[in-house]
Amino acid sequence: QKEVEQNSGPLSVPEGAIASLNCTYSDRGSQSFFWYRQYSGKSPELIMFIYSNGDKEDGRFTAQLNKASQYVSLLIRDSQPSDSATYLCAVKGGSSNTGKLIFGQGTTLQVKP
Amino acid sequence: EPEVTQTPSHQVTQMGQEVILRCVPISNHLYFYWYRQILGQKVEFLVSFYNNEISEKSEIFDDQFSVERPDGSNFTLKIRSTKLEDSAMYFCASRYSSGGGHEQYFGPGTRLTVT
Chain R
721 QKEVEQNSGP LSVPEGAIAS LNCTYSDRGS QSFFWYRQYS GKSPELIMFI
771 YSNGDKEDGR FTAQLNKASQ YVSLLIRDSQ PSDSATYLCA VKGGSSNTGK
821 LIFGQGTTLQ VKP
Chain G
-15 EPEVTQTPSH QVTQMGQEVI LRCVPISNHL YFYWYRQILG QKVEFLVSFY
35 NNEISEKSEI FDDQFSVERP DGSNFTLKIR STKLEDSAMY FCASRYSSGG
85 GHEQYFGPGT RLTVT
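Note that the protein sequences, when read in sequence, are chains R and G. Counted the way this note's numbering counts, the first sequence spans residues 721 to 833. Counted the way this note's numbering counts, the second sequence spans residues -15 to 99.
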């Protein structure tokens, strides 16, 4: 069973701090990795994607991928209360040509003013 | 900015009834998906659809489920005989193409409540 694992949290950080969210995956053939933000009762919103080893930065967000260790992480700099949400890690299965995403259970982030 | 839309936002139905959930994917997207999320659980893949046919389906997507693209814009999920355990949020997603970007964009979801 191909899985994506996240610490469910909650992860609590003060406003202005760096939030670090981690995700591991079991399918070594996976090639595409995504971070979605999900507010309570809402749908997943794509915030970052990364396909190559290393770091990818977009504004306050940095995604990091290490395929050898099978982990992907998301850093949120200068965290704001509006960043409080559940962050979902999703992986495109290596054997899937259809783009099927496998999701982790999500990490709940709380940013305290 | 283009977005995926879904209707209705909330559907209440009785066990054994048929429901149709509707989605309008982003207009130039080619791949379409249905996912569901039972309250407090992971988002789960149900089915993918490309070139007017199912390209992959999960174990959840049994004979009571079907999908259709009846015209050039709508994408529907039908549940023939709903069960209590079908109560969940159902999300439609779409992506542009297989060459390059694999990013999927989700609609706002339909909350299905089976009583």
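It should be emphasised that the hints constitute simulated quantities derived from the structure, not laboratory data. Errors might be hidden in some of the hints.
Below, in silico cross-link-like pairs of lysine-lysine (BS3-like), each with a Cα-Cα straight-line distance of 30 Å or less [what the hints assert, rightly or not]:
#1 G/K26 - R/K762
#2 R/K722 - G/K41
#3 G/K26 - G/K67
#4 R/K762 - R/K776
#5 R/K787 - G/K62
#6 G/K67 - G/K41
#7 G/K62 - R/K722
#8 G/K62 - R/K762
#9 R/K722 - R/K776
#10 R/K787 - G/K41
#11 G/K62 - G/K26
#12 R/K787 - G/K67
A short, non-exhaustive set of chain G residues, derived as facing chain R with CB atoms under 8 Å [to be verified]:
#13 S71
#14 F75
#15 E87
#16 Q88
#17 P92
#18 G93
Where is the CB? At the ideal position from N, CA and C, for every residue including glycine.
Verification of the hints:
Of the pairs offered as hints, the one joining G/K26 and R/K762 holds, with about 14 Å between alpha carbons and a cut-off of 30 Å not exceeded. Note on R/K722 and G/K41: the hinted pairing holds, with a Cα-Cα distance of about 15 Å set against a maximum of 30 Å. This hinted pair checks out: G/K26 and G/K67 have alpha carbons roughly 19 Å apart, not beyond 30 Å. Restraint check for R/K762 and R/K776: the C-alpha separation of about 26 Å stays at or below 30 Å, so the hint holds.
Taking the CA atoms of R/K787 and G/K62, the gap is about 38 Å. The hint is violated against a cut of 30 Å. This hinted pair checks out: G/K67 and G/K41 have alpha carbons roughly 19 Å apart, not beyond 30 Å. For the proposed pair G/K62 and R/K722, the alpha carbon gap of about 27 Å is at most 30 Å, so the pair holds. Of the supplied pair hints, the one linking G/K62 and R/K762 holds, its CA atoms being roughly 22 Å apart against a limit of 30 Å.
Of the pairs offered as hints, the one joining R/K722 and R/K776 holds, with about 25 Å between alpha carbons and a cut-off of 30 Å not exceeded. The hinted pair formed by R/K787 and G/K41 meets the criterion: a straight-line CA distance of about 27 Å does not exceed 30 Å. Distance hint between G/K62 and G/K26 is fulfilled; the C-alpha atoms sit about 21 Å from each other, no more than 30 Å. The hinted pair formed by R/K787 and G/K67 fails the criterion: a straight-line CA distance of about 40 Å is larger than 30 Å.
Among the interface hints, the one on G/S71 is violated; its C-beta lies about 15 Å from the nearest C-beta in chain R, farther than the 8 Å criterion. Because the smallest distance between the Cβ of G/F75 and any Cβ of chain R comes to about 5 Å, under 8 Å, the interface hint for this residue holds. Taking 8 Å as the C-beta contact cut-off toward chain R, the hint placing G/E87 at the interface holds, the least distance being around 5 Å. Evaluation of the G/Q88 hint against chain R yields a held restraint, the C-beta minimum of about 6 Å falling below 8 Å.
Hint status for G/P92: holds, given a least beta-carbon distance of 5 Å to chain R, under 8 Å. For G/G93, the suggested interface contact is upheld, since its CB lies about 5 Å from the closest CB of chain R, less than 8 Å.
The structure fails hints 5, 12, 13 (numbered hints given earlier, in ascending order).
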